[in-house]
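Asks: These are the residues of each chain, in order.
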Amino acid sequence: MTKALILTVRGWWESQPEQPPVAKVFLTVGQFTCVEPAGLQFAFEVQTQGTFLDGAELVIQETPLIAFCHPCQAEYRPEIGLRYGCPTCQGPMEDIRSGRELKIERVEYANTPASVP
Amino acid sequence: MHQSTDTAIGLNLLHANQAGADHNRAHFDEWGITCLNVMSSPGAGKTALLEKTLAALSPTLRIAVIEGDMTTELDADRLRQYGVPVIAINTGRSCHLDSRMVAGGIHTLAHEHNPAELDLVVVENVGNLVCPAEFEVGEHAKVALLSVTEGEDKPLKYPVMFREADVLLITKIDLAPYLDVNLAHIEANARQVNPHVTIIPVSAKTGEGLDVWYQWVTSTVRQPLPIAAVH
Ligand SMILES: Nc1nc2c(ncn2[C@@H]2O[C@H](COP(=O)(O)OP(=O)(O)OP(=O)(O)O)[C@@H](O)[C@H]2O)c(=O)[nH]1
Ligand SMILES: [Mg+2]
Ligand SMILES: [Zn+2]
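Listed in order, the protein sequences are those of chains A and B. Going by this note's numbering, 99 is the number at position 99 of the first sequence; the sequence numbering is gapless. Going by this note's numbering, 210 is the number at position 93 of the second sequence; the sequence numbering is gapless.
It is possible that part of the hints are untrue.
[What the hints assert, rightly or not] Every beta carbon over 10 Å from chain B, so not counted as near; a handful from chain A, in silico:
{"no.": "1", "residue": "K3"}
{"no.": "2", "residue": "A4"}
{"no.": "3", "residue": "T8"}
{"no.": "4", "residue": "Q16"}
{"no.": "5", "residue": "P37"}
{"no.": "6", "residue": "A38"}
{"no.": "7", "residue": "Q41"}
{"no.": "8", "residue": "E45"}
{"no.": "9", "residue": "I66"}
{"no.": "10", "residue": "A74"}
{"no.": "11", "residue": "E75"}
{"no.": "12", "residue": "Y76"}
{"no.": "13", "residue": "R83"}
[Unchecked claim] As a list, the in silico SDA-like pairs of lysine to any residue whose alpha-carbon atoms are at most 20 Å apart:
{"no.": "14", "chain 1": "A", "residue 1": "K3", "chain 2": "B", "residue 2": "G209"}
{"no.": "15", "chain 1": "A", "residue 1": "K103", "chain 2": "B", "residue 2": "A136"}
{"no.": "16", "chain 1": "A", "residue 1": "K3", "chain 2": "B", "residue 2": "R210"}
{"no.": "17", "chain 1": "A", "residue 1": "K24", "chain 2": "A", "residue 2": "R77"}
{"no.": "18", "chain 1": "A", "residue 1": "K103", "chain 2": "B", "residue 2": "Q135"}
{"no.": "19", "chain 1": "B", "residue 1": "K274", "chain 2": "A", "residue 2": "K24"}
{"no.": "20", "chain 1": "B", "residue 1": "K274", "chain 2": "A", "residue 2": "K103"}
{"no.": "21", "chain 1": "A", "residue 1": "K24", "chain 2": "B", "residue 2": "T124"}
{"no.": "22", "chain 1": "B", "residue 1": "K274", "chain 2": "A", "residue 2": "P37"}
No lab work stands behind these hints: they were computed from the structure. All values derive from a computational prediction rather than experimental measurement. Don't be surprised by glycine CBs; every beta carbon is placed ideally from N, CA and C.
Could you build all of it, start to finish, from the sequences and the hints given here?
Replies: Written as structure tokens, this is what we have:
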């Protein structure tokens, strides 16, 4: 996943008109994904060494798993690892409203001297 | 004077992989091939299932296998006995296949065989219940395997793969009588996270349930595929 992240950021960065150094990368990561934030943070630090992202900080915002039950017309929070069905009617987890996000929101460039006009 | 700039990206973390997967799928569609991505934990019985499937279906369907064995050609050699093209991808230490690795396999396949003459490409993913679920490789359907020896709670503990699966094979059911395991509990747990998944209990050893699996494969292959242009 770290490699996939770096590949995507690199593809985006290289397509930019200018390539200033990146200071921070902001992610939104859902709880219902295979990404474990601490593990990703560590792997990112290791795997970006010597690349264009060397030293860049990874800032991860987690989003909770929220499901929507149609019979009850209500949102609920499944208990990951234990129970995913609706606590009211025991129906299965049909729609996921939040928790599947794997998004690179934005980057913050390093402080760079303003270009001289 | 110093300034700090923020720039919105708004891309999926897997954007680069997804682009590759879409490209692979466009190739498959162009050739009229259905691609299945077979995933499970290590040793759940992917290769054993493929051996049976090749023996039963390769007379009627033209099948090739892309084998994501971690480091050896062992699984690929087991499958080559059935006289079908088997492309082994050396995934090194990667814990899942990604679309780029599979693209390499597709290019080898296209180079050594005539892909337009194939009906079905089965990708055996690296044994892992976590990561492969997030990495599309260009498949038309995801096949998950869970063996009865792994325990009833695995769909709850590794929900993403079971959520994403189109079909779930509960494997090694010949062993169920020797274990403290209830097939109905496995199915109920899988349906909590994926109410619409097709569940097929099978044994590659005794052959039980395999005819249902073969029917699923055959009907999936026969479905007309979306027409997409290769970009
Ligand atoms: N009893 C029984 N054993 C099985 C069955 N299917 C597979 N096995 C055994 O389970 C072990 C693992 O099977 P494989 O087919 O190699 O599993 P795999 O998922 O391909 O394994 P990796 O590719 O290493 O992840 C082997 O010893 C098989 O003989 C089955 O239906 N019943
Ligand atoms: Mg195998
Ligand atoms: Zn409900």
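Asks: All hints, please: hold or fail.
Replies: Against the structure, the hints:
Remark: the non-interface label on A:K3 conflicts with the geometry, its nearest Cβ contact in chain B lying 8 Å away (cut-off 10 Å). Not every C-beta of chain B lies more than 10 Å from that of A:A4, the closest at about 5 Å, which undercuts listing it as non-interface. A beta-carbon of chain B comes within 10 Å of the beta-carbon of A:T8; the shortest separation is about 4 Å. Here A:Q16 does not stay apart from chain B, with its beta-carbon only about 8 Å from theirs, under the 10 Å limit.
Chain B leaves A:P37 outside its interface by the beta-carbon criterion, the shortest separation being 12 Å against a cut-off of 10 Å. Every CB of chain B lies more than 10 Å from the CB of A:A38, the least distance being 15 Å, so the non-interface label holds. Chain B leaves A:Q41 outside its interface by the beta-carbon criterion, the shortest separation being 13 Å against a cut-off of 10 Å. With a least CB separation of 16 Å from chain B, A:E45 remains clear of the 10 Å interface cut-off, as annotated.
Even its closest Cβ contact with chain B, about 14 Å, leaves A:I66 beyond 10 Å, as expected for a residue assigned away from the interface. No Cβ of chain B comes within 10 Å of the Cβ of A:A74; the nearest lies about 17 Å off, and the non-interface call holds. Separation of A:E75 from chain B is adequate, the least Cβ-Cβ distance of about 17 Å exceeding the 10 Å criterion. Taking the minimum C-beta to C-beta distance to chain B, about 13 Å, the non-interface status of A:Y76 holds against the 10 Å cut.
Against the 10 Å criterion, A:R83 falls within the reach of chain B, whose nearest CB is about 7 Å from its own CB. Restraint check for A:K3 and B:G209: satisfied, since their Cα atoms lie roughly 14 Å apart, inside the 20 Å limit. Restraint check: the Cα-Cα separation between A:K103 and B:A136 comes to about 15 Å, which is no more than 20 Å; the hinted pair holds. A threshold of 20 Å between alpha carbons decides the hint, and for A:K3 with B:R210 the separation of about 13 Å falls inside it, so the pair holds.
A distance of roughly 31 Å separates the Cα atoms of A:K24 and A:R77; the hinted pair therefore is violated under the 20 Å criterion. Of the supplied pair hints, the one linking A:K103 and B:Q135 holds, its CA atoms being roughly 13 Å apart against a limit of 20 Å. A distance of roughly 32 Å separates the Cα atoms of B:K274 and A:K24; the hinted pair therefore is violated under the 20 Å criterion. For the hint pairing B:K274 with A:K103, the CA-to-CA distance comes to about 23 Å; that exceeds 20 Å, so the pair is violated.
Our distance criterion of 20 Å between C-alpha atoms is met by A:K24 and B:T124, whose separation comes to about 11 Å. The straight-line distance between the Cα atoms of B:K274 and A:P37 is roughly 17 Å, inside the 20 Å bound, and the hint therefore holds.
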